[in-house]
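Engineer: Sequence:
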Amino acid sequence: MIFSCKPKLVLTDKQKTLIEKIGISYESEGLQPVAGRILGLLYVSDNPHLTFDEITEALQISKSATSNGINLLLQMQRIEYITFSGDRRRYFRLKVSNWREEFKHKIEVMAGFNSLMREVLALRTKETPEYNERIKELADFLDYVFQQLPLLLQQWDQEKTRKS
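Counting from 1 along the sequence shown, just add 8 to a position and that's the residue number in the working numbering.
Keep in mind that the hints were calculated from the coordinates and are not lab data.
Please read these numbers as outputs of a predicted model, since none were measured by experiment.
In this text, a Cβ means the ideal position worked out from N, Cα and C, and glycines have one as well.
Treat the hints with caution; some may be incorrect.
Said to hold, decoys possible - Here are the simulated DSS-like cross-link-like pairs (lysine-lysine), alpha carbons at most 25 Å apart as the crow flies:
(1) K29 x K114
(2) K29 x K16
(3) K168 x K134
(4) K134 x K144
(5) K112 x K22
(6) K22 x K114
(7) K114 x K144
(8) K16 x K103
(9) K114 x K103
(10) K71 x K103
Said to hold, decoys possible - So the derived label-pair ranges between C-beta atoms look like this:
(11) Y152 x K22: 35 to 41 Å
(12) L124 x F60: 36 to 42 Å
(13) Q162 x D61: 42 to 48 Å
(14) D61 x V104: 19 to 25 Å
(15) L26 x I90: 22 to 28 Å
Working from the sequences, and respecting the hints, build out all of it.
Structural biologist: Structure follows, in structure tokens:
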């Protein structure tokens with residue numbers, strides 16, 4: 009069986025810098041640094057799907073770091089893998105088709121946080137009114153966001169349809 013040999017993945021300095029910026033952005037959200045860099049690579053790479061070895065080589069990381077990052081991203085449903093007939097390797101790619109579900113999940117997490125803030129307010133002492141007001145303002149703003157989100161998504165869908 010003969011496989012075509014893909015050329016080695018070569019990244020420009022601008023691509024490398026952007027991968028690092030994306031990684032740092034995800035890291036600031038609590039994601040492991042390597043997982044963030046893997047996501048950055050998958051966004052920036054000219055090829056929409058990469059093998060384990062391509063990811064390892066492009067990011068110059070160990071195989072165990074690559075494995076841990078990929079497994080975390082698969083578990084989080086941020087990436088998926090595909091295979092090709094006659095090729096035993098797995099090719100990893102972003103699950104960008106589920107951006108709406110990911111966005112809704114983040115909103116649900118914020119809703120849970122908002123519920124906790126309401127509980128905090130109910131238990132807080134009345135002797136710190138300025139601090140309590142800041143917590144209340146945050147909770148009120150999150151309530152507003154939750155009310156507006158369905159409208160925003162509906163407007164987005166209408167705008168997409170109009171431009172099509």
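Engineer: Against this structure, judge whether each hint is valid.
Structural biologist: Hint by hint, here is what the structure shows:
1. Restraint check for K29 and K114: satisfied, since their Cα atoms lie roughly 21 Å apart, inside the 25 Å limit.
2. With a C-alpha separation of about 23 Å, the suggested pair K29 and K16 falls inside the 25 Å cut-off, and the hint holds.
3. Annotation: proposed proximity of K168 to K134 is violated, straight-line Cα distance about 48 Å (limit 25 Å).
4. At most 25 Å may separate the alpha-carbon atoms for a hinted pair to count; K134 and K144 meet this at roughly 13 Å.
5. Using a Cα cut-off of 25 Å, the hinted pair K112 and K22 is violated, with the two alpha carbons roughly 32 Å apart.
6. Between K22 and K114, the direct Cα distance comes to roughly 30 Å. Violation of the 25 Å bound is thereby established for this hinted pair.
7. For the hint linking K114 to K144, the alpha-carbon distance of about 21 Å falls within 25 Å, and the restraint holds.
8. Note on K16 and K103: the hinted pairing holds, with a Cα-Cα distance of about 24 Å set against a maximum of 25 Å.
9. With a C-alpha separation of about 16 Å, the suggested pair K114 and K103 falls inside the 25 Å cut-off, and the hint holds.
10. Only pairs whose Cα atoms come within 25 Å are accepted, and K71 paired with K103 is accepted, the gap being roughly 22 Å.
11. For the pair Y152 and K22, the beta carbons lie near 39 Å from each other, so the given range of 35 to 41 Å is met.
12. Take L124 and F60: their Cβ atoms lie about 39 Å apart, and the range 36 to 42 Å holds.
13. About 44 Å separates the C-beta atoms of Q162 and D61, a value consistent with the hinted range of 42 to 48 Å.
14. At roughly 23 Å, the beta carbons of D61 and V104 sit within the given window of 19 to 25 Å.
15. Taken as a hint, the range 22 to 28 Å holds for the pair L26 and I90, whose Cβ atoms sit roughly 24 Å apart.
Of the numbered hints given earlier, the model fails hints 3, 5, 6; all others are met.
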